[in-house]
Amino acid sequence: MKQAKPIVVVKSLIKKYDGKAVVDGISFDVKEGEIFGILGPNGAGKTTTLEMLETLRPIDGGSAMLDGLDVSTNSNKVKGLIGVQPQTPSFEEKTKLVELLEFFSAAYGEKVDAMKFLRDLQLEDKAKSYVENLSGGQRQRFSIAAALVHGPKVFFLDEPTTGLDPQARRNLWDLIQEVRDRGVTVIMTTHYMDEAELLCDRVAVMDEGKIIALDTPKNLVKALLSKGFTKSQHVEQANLEDVFIDLTGKALRD
Amino acid sequence: MKKALLPVFTFAKIDIRRLFRDKLAIFFTFVFPLLFLFVFGGIFGRNNSSVSFNVAFLNRSDSQFAKQFEQMGQKDKVLKIDSRVKTLDEAQEKMSRGELDATIILPADFGQVGAKGYPTGQAQVLYNKSNEQGGQTLASILNSIFEGINAKFVPVEKPFTVTAKSTAKQGLTQFDYVFAGLLGFSLLGAGIFGPTSVFPKLKERGVLRRYHTTTLKVWQYFLGNVISNTFVGLMSIATMFVVGLTVFGLNMRGNYLVLGLWCRWGQLCCLV
Numbered sequence: 001m002k003q004a005k006p007i008v009v010v011k012s013l014i015k016k017y018d019g020k021a022v023v024d025g026i027s028f029d030v031k032e033g034e035i036f037g038i039l040g041p042n043g044a045g046k047t048t049t050l051e052m053l054e055t056l057r058p059i060d061g062g063s064a065m066l067d068g069l070d071v072s073t074n075s076n077k078v079k080g081l082i083g084v085q086p087q088t089p090s091f092e093e094k095t096k097l098v099e100l101l102e103f104f105s106a107a108y109g110e111k112v113d114a115m116k117f118l119r120d121l122q123l124e125d126k127a128k129s130y131v132e133n134l135s136g137g138q139r140q141r142f143s144i145a146a147a148l149v150h151g152p153k154v155f156f157l158d159e160p161t162t163g164l165d166p167q168a169r170r171n172l173w174d175l176i177q178e179v180r181d182r183g184v185t186v187i188m189t190t191h192y193m194d195e196a197e198l199l200c201d202r203v204a205v206m207d208e209g210k211i212i213a214l215d216t217p218k219n220l221v222k223a224l225l226s227k228g229f230t231k232s233q234h235v236e237q238a239n240l241e242d243v244f245i246d247l248t249g250k251a252l253r254d
Numbered sequence: 001m002k003k004a005l006l007p008v009f010t011f012a013k014i015d016i017r018r019l020f021r022d023k024l025a026i027f028f029t030f031v032f033p034l035l036f037l038f039v040f041g042g043i044f045g046r047n048n049s050s051v052s053f054n055v056a057f058l059n060r061s062d063s064q065f066a067k068q069f070e071q072m073g074q075k076d077k078v079l080k081i082d083s084r085v086k087t088l089d090e091a092q093e094k095m096s097r098g099e100l101d102a103t104i105i106l107p108a109d110f111g112q113v114g115a116k117g118y119p120t121g122q123a124q125v126l127y128n129k130s131n132e133q134g135g136q137t138l139a140s141i142l143n144s145i146f147e148g149i150n151a152k153f154v155p156v157e158k159p160f161t162v163t164a165k166s167t168a169k170q171g172l173t174q175f176d177y178v179f180a181g182l183l184g185f186s187l188l189g190a191g192i193f194g195p196t197s198v199f200p201k202l203k204e205r206g207v208l209r210r211y212h213t214t215t216l217k218v219w220q221y222f223l224g225n226v227i228s229n230t231f232v233g234l235m236s237i238a239t240m241f242v243v244g245l246t247v248f249g250l251n252m253r254g255n256y257l258v259l260g261l262w263c264r265w266g267q268l269c270c271l272v
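Chains as they are written, first to last, in the numbering used here: chain S, 1 to 254; chain X, 1 to 272.
It cannot be assumed that every hint is accurate.
As the list claims (entries may be wrong) - Not the full set, but computed from the structure, chain X residues with beta-carbon under 10 angstroms of chain S:
id: 1; residue: L6
id: 2; residue: T10
id: 3; residue: L19
id: 4; residue: S197
id: 5; residue: P200
id: 6; residue: L202
id: 7; residue: Q220
These aren't lab readings, by the way, just hints derived from the structure by calculation. Think of the CB as a built atom: it goes at the ideal place given N, C-alpha and C, for glycine as much as any other residue.
Whole structure, please, built from the sequences with the hints as guidance.
Right, here's the structure in full:
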């Protein structure tokens with residue numbers, strides 16, 4: 001990967017609840033155009049870290065800079081530079097997809113061609129459907145469109161594939177890579193290791209509010225192996241997930 | 001400024017469309033107030049302005065005058081005579097059940113022509129203690145009828161009289177007051193019950209949080225809501241007015257524009 005300048009710089013970031021640090025002085029930077037993953041078990045502080053960068057939660061200590069702006073003092077400007085995909089995308093009911101896109105673009109003070117966005121996501125035929133009538137995968141894809149409607153520089157995704165079937169997961173992976181290819185920096189949390197390994201250029205592994213490892217997935221594996229780690233090998237050319245996708249088709253359904 | 005108002009009007013437009021797609025919202029915004037209007041309009045509507053009495057008429061006299069008086073009573077709009085009642089016992093039972101307001105009794109000597117050459121007699125109005133006001137009113141009405149008859153037999157010039165004259169101004173009916181209350185109820189429904197059920201639901205589902213990740217300001221979202229609620233609220237009130245005016249003969253007083261502004265203000269107060 002070519003050397004790019006950091007677009008997100010986090011230094012000694014702290015978040016406390018009832019005196020207990022749930023994010024405990026973490027530091028990292030994210031380079032422009034990369035997919036950066038934050039991994040960790042439930043309660044590790046992944047979502048809280050993301051929400052502080054998204055300006056949704058106040059920062060209790062340390063600093064976070066996004067495209068040169070201090071997140072804690074320039075929240076409105078930062079909001080204009082980021083797109084946010086929450087874990088469970090929710091929209092108001094009885095609203096057509098095209099209307100929701102019109103509203104989200106208007107929220108940023110812009111008017112966009114909503115149909116073009118839907119066409120790019122293969123949701124053109126659903127333009128007049130209500131969001132509650134979409135499948136889980138379609139809803140996630142639409143939610144991504146709504147988050148990117150204003151052309152953000154940084155895109156945050158919180159466990160985007162949780163609850164999706166294998167086909168929808170793979171479709172979403174393709175979409176996230178397309179977003180990155182358009183020059184948008186992606187920061188995502190996940191607890192699926194296969195997802196992180198496939199998508200992320202670099203990952204930070206968090207536990208109990210701290211970053212315990214940060215590198216590319218390959219380097220992290222190498223570091224483990226260099227310590228003499230071995231596991232019993234049982235290599236198969238395909239697994240049950242591959243069978244499922246082969247039987248039901250990947251591209252057509254989500 | 002134009003850029004700042006773009007989300008306001010976009011939201012208001014979408015919010016209005018959304019309401020008309022929601023059957024439950026349509027019911028509570030338009031149908032529910034109309035149901036109340038029909039119920040209370042049926043009770044206090046235009047047919048309740050005249051006063052009438054349900055009475056039994058027991059004529060024990062066989063005089064010509066008593067027969068004519070009975071026929072006159074049957075034609076009178078104030079008296080609704082229950083012709084099925086033939087005895088005093090039946091009349092008293094019906095009065096005790098509230099089915100009759102009073103009983104008019106013409107005694108056997110009522111209407112007999114006396115020595116002076118004209119008929120005389122004393123009618124009796126019987127009423128229950130529980131309906132004293134109705135009985136007294138009926139007695140007064142009969143008294144004025146008899147005064148008119150008496151004047152024909154014994155012409156007397158009255159030194160003092162009373163004349164009633166209309167001010168030519170229409171008064172307000174019971175329905176007009178009820179309608180004002182129903183308007184208030186409808187405004188409460190639109191201003192309080194609507195947003196108080198919608199906003200917590202949106203918050204619970206994370207929709208408001210999602211809006212918070214955008215550059216949308218609270219005032220823009222609020223103003224968009226106010227505009228859409230104003231439009232829908234005024235439509236609901238206009239529907240009530242159309243039904244009130246055409247079906248129940250509502251007497252509208254004052255200026256519709258002022259009324260509209262007051263309604264909007266009331267609804268806004270509820271919303272805030």
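Okay, the hints, checked on the actual structure:
1. L6: 5 angstroms, holds
2. T10: 4 angstroms, holds
3. L19: Where the cut-off is 10 angstroms and the nearest Cβ of chain S is about 8 angstroms from X/L19, the hint holds.
4. S197: At 13 angstroms from the nearest chain S Cβ, X/S197 fails the 10 angstroms test, so the hint is violated.
5. P200: 14 angstroms, violated
6. L202: At about 7 angstroms, which falls below the 10 angstroms cut-off, the nearest Cβ of chain S leaves the hint on X/L202 intact, so it holds.
7. Q220: 8 angstroms, holds
Hint compliance for this structure: hints 4, 5 are not met, and every other hint is.
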